[in-house]
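Chemist: Please construct the entire structure, taking both the sequences and the accompanying hints into account.
2 protein chains.
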Amino acid sequence: MRTILVTGANRGIGLEFVRQLARRKPTPAFIFATCRSPDNAHDLRAVADTHTNVKVLKIDMQNESTYGPVVEAVSNMVGENGLNVLINNAGVYSKDGYEKVSREMLKDSFDINVIGPMRLTQAFLPILKQGARSSKVESFGVDRGAIINISSGFGSIASNDSGGNAGYRESKAALNMFSKGLSLDLKSEKILVLSQCPGWVSTRMGGPHASRTPESSVSDMLTIFAMCSEEHTGCYLRNHIPLEVLPY
Amino acid sequence: MRTILVTGANRGIGLEFVRQLARRKPTPAFIFATCRSPDNAHDLRAVADTHTNVKVLKIDMQNESTYGPVVEAVSNMVGENGLNVLINNAGVYSKDGYEKVSREMLKDSFDINVIGPMRLTQAFLPILKQGARSSKVESFGVDRGAIINISSGFGSIASNDSGGNAGYRESKAALNMFSKGLSLDLKSEKILVLSQCPGWVSTRMGGPHASRTPESSVSDMLTIFAMCSEEHTGCYLRNHIPLEVLPY
Chain A
153 MRTILVTGAN RGIGLEFVRQ LARRKPTPAF IFATCRSPDN AHDLRAVADT HTNVKVLKID
213 MQNESTYGPV VEAVSNMVGE NGLNVLINNA GVYSKDGYEK VSREMLKDSF DINVIGPMRL
273 TQAFLPILKQ GARSSKVESF GVDRGAIINI SSGFGSIASN DSGGNAGYRE SKAALNMFSK
333 GLSLDLKSEK ILVLSQCPGW VSTRMGGPHA SRTPESSVSD MLTIFAMCSE EHTGCYLRNH
393 IPLEVLPY
Chain B
153 MRTILVTGAN RGIGLEFVRQ LARRKPTPAF IFATCRSPDN AHDLRAVADT HTNVKVLKID
213 MQNESTYGPV VEAVSNMVGE NGLNVLINNA GVYSKDGYEK VSREMLKDSF DINVIGPMRL
273 TQAFLPILKQ GARSSKVESF GVDRGAIINI SSGFGSIASN DSGGNAGYRE SKAALNMFSK
333 GLSLDLKSEK ILVLSQCPGW VSTRMGGPHA SRTPESSVSD MLTIFAMCSE EHTGCYLRNH
393 IPLEVLPY
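Those protein sequence lines, which keep their order, are chains A and B. The opening position of the first sequence corresponds to residue 153 in the working numbering, with each subsequent residue numbered one higher. The opening position of the second sequence corresponds to residue 153 in the working numbering, with each subsequent residue numbered one higher.
No wet-lab data here; the hints were simulated from the structure. As the structure is a prediction and not an experimental result, all values here were calculated from the model. Careful, some of the hints might be misleading.
Repeated chains share a single entry, so a pair holds when one copy, or any two copies, can fit it.
Dumping the calculated DSS-like pairs for lysine-lysine here, alpha-carbon to alpha-carbon at most 27 Å [said to hold, decoys possible]:
1. K342 - K177
2. K247 - K339
3. K281 - K342
4. K252 - K339
Modeler: Written as structure tokens, this is what we have:
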């Protein structure tokens with residue numbers, strides 16, 4: 153993992169990805185940390201202040217005009233090395249049931265949790281392919297190239313036994329389909345695609361009663377990513393070692 | 153099935169549902185056939201001209217301001233009998249792969265294939281509950297109350313082995329989650345919820361090489377709906393007799 157981009161990096165799991173990647177050995181050349189409001193991302197800026205390989209950039213998932221300038225900025229910095237890993241982490245959560253959920257909440261869920269990742273991935277594909285080809289790594293894996301979609305156990309249709317979370321569940325099921333479909337389209341490029349559940353994590357989204365910390369969640373996910381190769385591409389993974397797939 | 157509403161009834165599978173329901177025995181009291189442009193729906197109007205129980209109404213899935221007047225019109229016609237069956241059939245198809253698909257296509261896919269059915273169902277829930285309660289049928293089934301989401305085999309994440317159809321596949325996976333989640337929320341009301349694949353049908357969407365006609369597809373689906381009860385609620389069904397579930 154020489155070059156990585158993480159969306160939604162201002163807090164929670166995204167911020168923790170940046171923190172752990174910044175001190176990872178061997179040291180990545182660049183960690184591009186994107187968020188909607190870099191000016192207000194004080195915790196993220198503090199990480200960038202002490203790690204020169206962390207670059208804070210502005211992406212608003214719902215505003216595609218913010219994508220192009222970041223692709224260009226990243227492209228200029230990485231040059232021929234391209235981008236190895238894209239972590240689509242930014243997301244929005246909804247609690248309402250089917251009888252209450254608003255159109256606005258549904259639109260935001262699909263926009264931010266699915267359409268954003270799909271279109272952002274599309275925008276980065278040329279430099280992701282370049283990253284994979286120039287890596288000199290011949291087999292599938294994060295050291296060659298990977299697109300990691302941060303999903304949720306709530307996206308499992310088969311294990312849904314409680315209903316509710318209208319929009320969130322649907323968007324994560326859709327994201328899982330995106331991971332599966334994209335993995336097929338990118339097999340010839342040997343780019344790994346995963347849907348990864350982070351577990352129930354004590355972030356603003358997960359709340360204070362969550363069963364694990366961002367530190368342990370991200371540490372385990374990074375271990376998982378490094379374990380994955382060709383047979384895992386397209387998989388929907390629990391945050392568990394040894395690897396465990398979730399049912400769609 | 154005393155009272156049924158079908159969306160996207162101007163052509164294809166939707167129109168065929170209306171045709172077959174109109175001549176079904178015992179004769180339904182009302183078949184509400186909705187489409188975006190009733191004025192241009194000549195084939196549908198021809199059915200309504202010869203069947204007084206067919207009522208053509210305007211719903212544009214992407215324009216929620218068209219929902220309320222239809223709920224009111226339906227409510228006035230059915231009175232205390234409520235609505236028994238809602239068939240969310242209107243849909244849009246996309247062919248592009250992940251590298252090409254436009255934001256517009258993705259937005260339309262989620263808007264028409266998922267958000268529309270979710271919000272329209274929400275709008276009709278009060279009279280669907282009334283239909284179930286007033287039916288005097290005590291067990292799950294279309295004679296009590298049902299919401300049927302017309303899905304697609306393309307919505308199966310597990311069986312996706314070819315990629316492509318970006319947006320369409322994701323929206324149908326999301327729709328399958330909606331069916332599952334809603335089925336749980338409506339268990340106490342004993343309202344059946346299904347995700348039903350129509351098969352590959354020779355409509356404008358399916359094209360001329362499709363393996364079956366709208367007539368046989370709809371005839372089998374109506375047989376399937378009548379076979380379903382409590383154990384099928386939330387299921388994702390192939391268009392096949394005897395019943396066969398699709399993998400998510």
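Chemist: Are the hints correct? Go through all of them and say.
Modeler: Going through the hints against the structure:
1. K342 - K177: within (24 Å within a copy, 57 Å between copies)
2. K247 - K339: between (36 Å within a copy, 19 Å between copies)
3. K281 - K342: Within. Shortest intra-copy distance 9 Å satisfies the 27 Å Cα cut-off; inter-copy 51 Å does not.
4. K252 - K339: Between copies only: 17 Å across chains, 41 Å inside a chain, cut-off 27 Å.
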